[in-house]
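Engineer: Next come the chains, spelled out residue by residue.
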Amino acid sequence: MTFQAENIRVSYGKTQVLRDVSLTADAGQVTAIVGPNGSGKSTLLGAMTASLPYTGRVSINSTNIKALKPWELASQRAVLPQASRLAFPFTVIEVVRIGHQAGSSGDDPDVPMKALARVGMAHYANRTFQELSGGEAQRVMLARVLAQVWAPVLNGQPRWLLLDEPVSSLDIAHQLQVMEIARDFANAGGGVIAVMHDLNLTALFADRVAVLSGGQNIAEGPTTDVLNDETLSRAYGCTLRVSALPSTKAPFILPHTATA
Amino acid sequence: MTALSDVIAAPKDRVHRARSLHWVLALLLGLAALASLEVGATDVSLSALLLKLVQGQELSHIEQIVLYDIRLPRLAMGIVVGSALAVSGATMQGLFRNPLADPGIVGVGAGAGLGAILSIVLGAVLPASILAVAGNHLTSLAAFLGGWGSTLILYRVSTRHGRTSVATMLLAGIALGSLAGAVSGILVYMADDQQLRDLTFWGMGSLAGASWTKVFAAAPLILLSVGTALYLGRGLNGLALGEATAAHIGIDVQKMKSITILAVAGATGAAVAVSGGIGFIGIVVPHVLRLASGPDHRTLLLNSALLGATLLILADVIARVIIAPAELPIGIVTAVLGAPVFLWILLKRRGLVEL
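These protein sequence lines are chains A and B, in that order. Residues 399 to 658 (our numbering) are what the first sequence spells out, left to right. Residues 563 to 917 (our numbering) are what the second sequence spells out, left to right.
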């Protein structure tokens, strides 16, 4: 089962932001979308979540998303936006419940609390959302998204997490925690597509990587194949050196070795 | 996992509190209704009349008129108008994701008012066939259209890419309100004596002119709009997370917004058409309820209807007794009570209101 984007084109006014971008993500894997600022990463995710007008075809588990009603889509995939603003003083648990009610995750009333516990925010359940720091708010939103698709596989169909820069305002411990959650979701049979800024976290957690640059997909494939000196240097417009840890062979990129 | 079950217990309470508030508020509404029937310019009192009825005595002609033709329709109008104002306030605040969005403040009331004035002054020139069909409902319908138009314009102007700018909303509301006020002024200038009298009565913001005719003219549109609004709870909760996220959690956002705008316009329009501009109910009621039992729209909307009706009836009682036998326009009472609350919200949320 896959989440597929085929020949996606998006324009803002006369500027073409995405030119014929295609991407295939498999269930059971973490697929990362990386690329420099303005390369169209978030726009691609926006098209895949039908948040903005696009041409081309996006399909979830082989069904065109345009053929699905909003609530049908909501039961198959959940979306974590880059930044979340919330009107009105809902408590943390109420926010997560809104997500839970959206996704036909079953009637288990404990799911919202379990989701909060998963992101390490259970003790803040009764706080008002507006009192939270940026990083805490981001984790609560992740809990909301998890509560929406709590079971990674439902009725034999994989469900999907679409995450737009899920670790952007988190400290290193919580960056790892969030990526572990994504990893576990994929290991349990669900699919994860994440727009990533941090190449090292991408190298650590992603199975597949798509590299966007100038609105085009310039490389896509298994993480170790795609993250190489040439592709990254071309994408980011500076000389980057990919190294590998002797112990795990996981690639890493140090800014020290980059030259603009 | 004791810690987990501890924290589960408390937030459930807020849901329960909001649900039990339904009953408390319904009881309060009943009490307010009794007070409203009891008090008035004549010394006819409900308790005395009930005693008479129980004893099997006939009510005198005057007593019948006071009870059936003056106080009861006034009470009925207070209930429909009060719930309409509060629910359209709560609904509009949900749509604009801001506790300060109230039809009366952002020009929707003025737009509805323009519609009403148009129908009073220029209604006579409409083809007879339309007049025959619209009948008593003409002013309500015109006010509804005026409210609908101004809500649409307001939303278009202040929302870009699914985000509503509060500053733009308030400023656009001021502009829309002044424009509607100016055009209304021109119409008032054009009006003849009889029309001026109608306009004056209408513009005072009062339940004083209540009659069964007016109640039946406004009630259908208000009941339809408020009834529809009561089903928008889940959608408005989703909208609190922003339009994009609302769509991601399965809400048909475009459809929801259109229905919301129609419901706000219907309730505001019909309320304005029969009672003029009564301010602050739409802003105070939802705010107090959010403090009491949280912002969940699934319970907030019904509670707003109940508390809105109760408060308006009580304000009407105050308006009737405070300078009896004369009476104060109810708009003055609601403004005196409501404006300070509005300022208090601003003061408390100074850091939170994103302008």
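The set of hints was computed from the structure by calculation and includes no laboratory data. Watch out, some of these pointers could steer you wrong.
To be verified - Computed beta-carbon distance windows for the label pairs: (1) 531(A) to 854(B): 53 to 61 Å; (2) 507(A) to 604(B): 35 to 43 Å; (3) 850(B) to 420(A): 34 to 42 Å.
Said to hold, decoys possible - Lysine to any residue pairs mimicking SDA-like chemistry, simulated, CA-CA at most 20 Å apart: (4) 910(B) to 819(B); (5) 464(A) to 483(A); (6) 512(A) to 581(A); (7) 817(B) to 555(A); (8) 464(A) to 910(B); (9) 817(B) to 512(A); (10) 647(A) to 599(A); (11) 464(A) to 581(A); (12) 467(A) to 910(B); (13) 467(A) to 796(B); (14) 467(A) to 850(B).
Heads up, the beta-carbon is just placed ideally off N, CA and C, and yes, glycines get one too.
Engineer: That 34 to 42 Å hint for residue 850(B) and residue 420(A) (C-beta), does it hold up?
Structural biologist: At roughly 54 Å between Cβ atoms, residue 420(A) and residue 850(B) fall outside 34 to 42 Å, so the hint is violated.
Engineer: Return holds or violated for the Cβ distance of residue 507(A) and residue 604(B) against the range 35 to 43 Å.
Structural biologist: violated (56 Å)
Engineer: Go ahead and decide if the range 53 to 61 Å is satisfied by the Cβ distance of residue 531(A) to residue 854(B).
Structural biologist: For residue 531(A) and residue 854(B) the Cβ distance comes to about 27 Å; the hint is violated.
Engineer: Assess, step by step, whether the Cα of residue 467(A) is no farther than 20 Å from the Cα of residue 796(B), and give holds or violated.
Structural biologist: Distance ~17 Å between residue 467(A) and residue 796(B) Cα, so the pair holds.
Engineer: With the threshold set at 20 Å, check whether the alpha-carbon distance from residue 464(A) to residue 483(A) stays at or below it.
Structural biologist: violated (27 Å)
Engineer: Taking 20 Å as the top limit, are the C-alpha atoms of residue 467(A) and residue 910(B) close enough?
Structural biologist: Violated, because 41 Å separates the two Cα atoms, which is more than 20 Å.
Engineer: Quickly compare the C-alpha distance for residue 817(B) and residue 512(A) to 20 Å and report which way the hint goes.
Structural biologist: violated (33 Å)
Engineer: Taking 20 Å as the top limit, are the C-alpha atoms of residue 910(B) and residue 819(B) close enough?
Structural biologist: violated (29 Å)
Engineer: Just to be careful, I want the Cα atoms of residue 817(B) and residue 555(A) compared with a cutoff of 20 Å; is the pair within it?
Structural biologist: Violated, at about 29 Å.
Engineer: Against the 20 Å threshold, does the CA-CA distance of residue 467(A) and residue 850(B) hold or violate the hint?
Structural biologist: Since the Cα atoms of residue 467(A) and residue 850(B) sit roughly 36 Å apart, the hinted pair is violated (cutoff 20 Å).
Engineer: Holds or violated: are the alpha carbons of residue 512(A) and residue 581(A) at most 20 Å from each other?
Structural biologist: With a Cα-Cα distance of about 17 Å, the restraint between residue 512(A) and residue 581(A) holds, given a limit of 20 Å.
Engineer: Verify the proposed pairing of residue 464(A) with residue 910(B), using a straight-line Cα cut of 20 Å.
Structural biologist: violated (44 Å)
Checked against the numbered hints given earlier, this structure breaks hints 1, 2, 3, 4, 5, 7, 8, 9, 11, 12, 14; the rest are met.
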